[in-house]
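Per mature numbering (1 follows the signal peptide of the UniProt record, and there is no 0), the sequence shown runs over residues -20 to -1, 1 to 812.
One thing to keep in mind: the hints can contain errors.
Okay, derived cross-link-like pairs now, DSSO-like style, lysine-lysine, Cα gap no bigger than 27 Å in a straight line [stated by the list, open to error]:
#: 1; residue 1: Lys312; residue 2: Lys296
#: 2; residue 1: Lys584; residue 2: Lys182
#: 3; residue 1: Lys573; residue 2: Lys286
#: 4; residue 1: Lys153; residue 2: Lys573
With beta-carbon atoms standing in for the labels, derived distance ranges [claimed, not checked]:
#: 5; residue 1: Arg141; residue 2: Glu194; range: 16 to 26 Å
#: 6; residue 1: Glu726; residue 2: Ser250; range: 31 to 41 Å
#: 7; residue 1: Gln45; residue 2: Glu581; range: 30 to 40 Å
#: 8; residue 1: Asp754; residue 2: Phe613; range: 20 to 30 Å
#: 9; residue 1: Asp316; residue 2: Val183; range: 44 to 54 Å
#: 10; residue 1: Lys296; residue 2: Phe613; range: 54 to 64 Å
#: 11; residue 1: Asp29; residue 2: Val310; range: 54 to 64 Å
#: 12; residue 1: Val310; residue 2: Glu581; range: 28 to 38 Å
#: 13; residue 1: Val83; residue 2: Arg719; range: 36 to 46 Å
Hint data in this document are derived by calculation from the structure and do not stem from the laboratory. Yeah, the Cβ is synthetic: ideal placement off N, Cα and C, and Gly gets one too.
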Amino acid sequence: MHGGIIMIIIIFFIPFLCVATDIITPTKPLAMNQTLISSSEVFELGFVDLGNNNLYLGIWYYQIQPRTIVWLANRDTPVNSSFAKLTIREDGNINLVDQAETVIWSSNQYVPVINTVAQLLDSGNFVLRRENDDNPENYLWQSFDYPTDTLLSGMKLGWSRKNGINRFLRSWKSDNDPGSGDYLWKMNTDGFPEILISKKEKVMVWRSGPWNGERFSGVPEMKGVSIIRFEFQETHDEIYYSYEMLNTSVRSRLIVSSSGKLQRFIWSASANTWNIFWFHPRDICDDYGQCGPFGVCDANVFPFCKCLRGFRPRDKRAWFDLQDASGGCVRKSEIDCRSDGFLPLKNMKLPEGSKAFVDQTTNLSECGEMCKRNCSCTGYANMDISRAGSGCVFWVGNLMDMRQYAESEGGGQDLYVRVALSDLGQSVSIGNSQKGSADNNHVVKIVAITIGICAGLVTLLIILYRKRKNTQRLKKAITLGRGSLERIDYESKMDELDLPLFDFTTLVLATNNFSEENKLGQGGFGCVYKGTLPEGEVVAVKRLSRVSDQGIEELINEVRLIAKLQHRNLVRLLGCCIEVEEKLLIYEFMENKSLDIFLFEKEKRMELSWHMRLHIICGIARGLLYLHQDSRFKIIHRDLKASNILLDKNMNPKISDFGMARIFGCDQIEAQTKKVVGTYGYMSPEYAMDGHFSTKSDIFSFGVLVLEIVSGQKNRGSSYTSTKLNLLGHTWTLWKEDRGLELVDESVQANFLEDDALRCIQIGLLCVQENAEDRPSISKVLLMLNSSTIELPQPKYPGFFIRKKDVETECSSKQDDSSTVNKVTITMLDGR
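My request is simple: use the sequences and hints to build the entire structure.
See the structure below:
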């Protein structure tokens, strides 16, 4: 065992080496035609070719397809041949060598003993240790100390002061090139430690905010997560962040993508896909320094940047005229160290902490006096909110990268900023006056509690009275409704809906009287407004226009269909309001509005990475699967389009607007209508021409959506080349000429997988085939999207492969009852 070079050979043509419980030892060699497989089903270790004819030694999840790589040993030094071997050499180190016996990669540790073994643990940690020594503290080397772009459960991110190892993540160069990319995710240990993303190690892109004892102050998604335990430790030996999955059967990974986003994924076994749990940066306020020194960013208002009380914009012209707040804010008044006070701010992402200093011995009641005595101190906050105000953090100089969250978001903490006395209100504490008068505070608390109880009782009585009154109004409105509503059994419908009824006055106040500032969007139905309910919940209020063709029938239809639908990819309906001529629906608020904004606006399109586009496509498909197959009723949406796909704060897609939807019986395949509704460009040929609709008409709309998401272009309203083809015609032409990749949106051209793109284009063309029976079901679509091993059929001629005429004719419901209720224009068609 001590003589010569001892090696374990793994040849590339071996499918994989899985050693989650087995051990690589000198006494356990592999013949060249053997495969070593352990009993574990967590991770695999072996060689992988990423399509560039280079070999990498890597670790990936076992039995998860497509293969999800979590670690690469030789990411920057691939083996440029079809031969490589992994050895344990005479010096006790793990070595990766090529055919010429050149060492490509090595564990490169001083090993005082020769009898070493290598093992891949169930955690995904590849370790080198002494034989017969299972003590994790005695690992001679471990892959967890040298991560690539992925943080797994149990891994540490940060510094080991004991051995000088800095554990950080670095992105891949691109989705198919694992070389060291531009973006780093690392621990900043200066001042008040926090985690940040930087580009090329110089430009800060995003930061987490410091650890406040429970979570990072700038990552509200960490609050209330029950399946993950987060940990931040700072000791004499090390400072690190890690997480642990409380249910070991749940797979979760944290990566820094090649585009610089930090993304947490959760594996969904039922859907056979990785779902994004959250990601950062997620909005404009996550971009570092968006509002400059002493500026505060708030993503819930517009403009996003504001100056604190006592401050004004440094450059008013840039701030107000150009919407450029990067110059930040300056004080309105000179500060006086003896009389300055502190402005209390709630739900704040704490300022950048590299120049802050921490005193763990004080409590919050002493912090104000300490900061007041130090004339350089510009602000302070509690160090640990989990231990009743333990410790203080003090900032000197400019306060950078502050953000304020809404109460409902659960982010941030209290921050106190030094302000001149002349700029403070009387209610703001100054120095040690935070202590105030104990007696006065006690009286104030008693009075406040008494008033609060009385106000609560009065509010409850008003709500009960208004709810009863609103129910009576709804009954009257339905009774007086037109058409088929006269045949509705009101009592049974109300029992079926079981939905909260909102008072119109409440919604007027919530939306600031439906002001332009609160408007989120507008369509044929009317407008949608952002509203804040009395209890602080942010909602979207859909107000049907009085002149809209969508009347009470469509509203009741939408309520009836969506009230009991519960799926993560469907917008949740919270309530409705019908008062005289007012008809409103109240939905959950979608922070990123609708998909069409990101697809068809040049500036926003850049934010849609290729990975995000795939995530949105799969999310829409899952929502459609629920409607067509998994819900209590089979539901045909009939108006699936980009503007009806809403995006939440994590860019999860949700299908909305069920005013045109129809319920099918369990065995029903198709139906017909004389009144064609929907939006041209997304409507299938059989529906637009003959009024026939089915699940396959929704599939056609989904196929159009897929091609729009891939290309970033509208099917209707865009033309290509001198032939003026629409998107379907252009895609079909490229596909037949083997030029499909030319369709991909130029904003992601440098960062997408060619196989994935071609697969999406082919799926899109399969969905828009002219004959409905040729189109796949949504369950087959999901299978094709999630499995790269399934061979796809070749698509046939698409429906509406058209050239645009120079003249378009507007279709009015008064002239032709096959018109859409949205009164859009219809393109005249050329016969084939």
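Cross-check of the supplied hints:
no. : hint                         : result
1   : Lys312 to Lys296             : holds, 13 Å
2   : Lys584 to Lys182             : holds, 25 Å
3   : Lys573 to Lys286             : holds, 23 Å
4   : Lys153 to Lys573             : violated, 31 Å
5   : Arg141 to Glu194: 16 to 26 Å : holds, 24 Å
6   : Glu726 to Ser250: 31 to 41 Å : holds, 36 Å
7   : Gln45 to Glu581: 30 to 40 Å  : holds, 35 Å
8   : Asp754 to Phe613: 20 to 30 Å : holds, 26 Å
9   : Asp316 to Val183: 44 to 54 Å : violated, 37 Å
10  : Lys296 to Phe613: 54 to 64 Å : holds, 57 Å
11  : Asp29 to Val310: 54 to 64 Å  : holds, 57 Å
12  : Val310 to Glu581: 28 to 38 Å : holds, 34 Å
13  : Val83 to Arg719: 36 to 46 Å  : holds, 44 Å
Comparing the model with each numbered hint stated earlier shows that hints 4, 9 do not hold.
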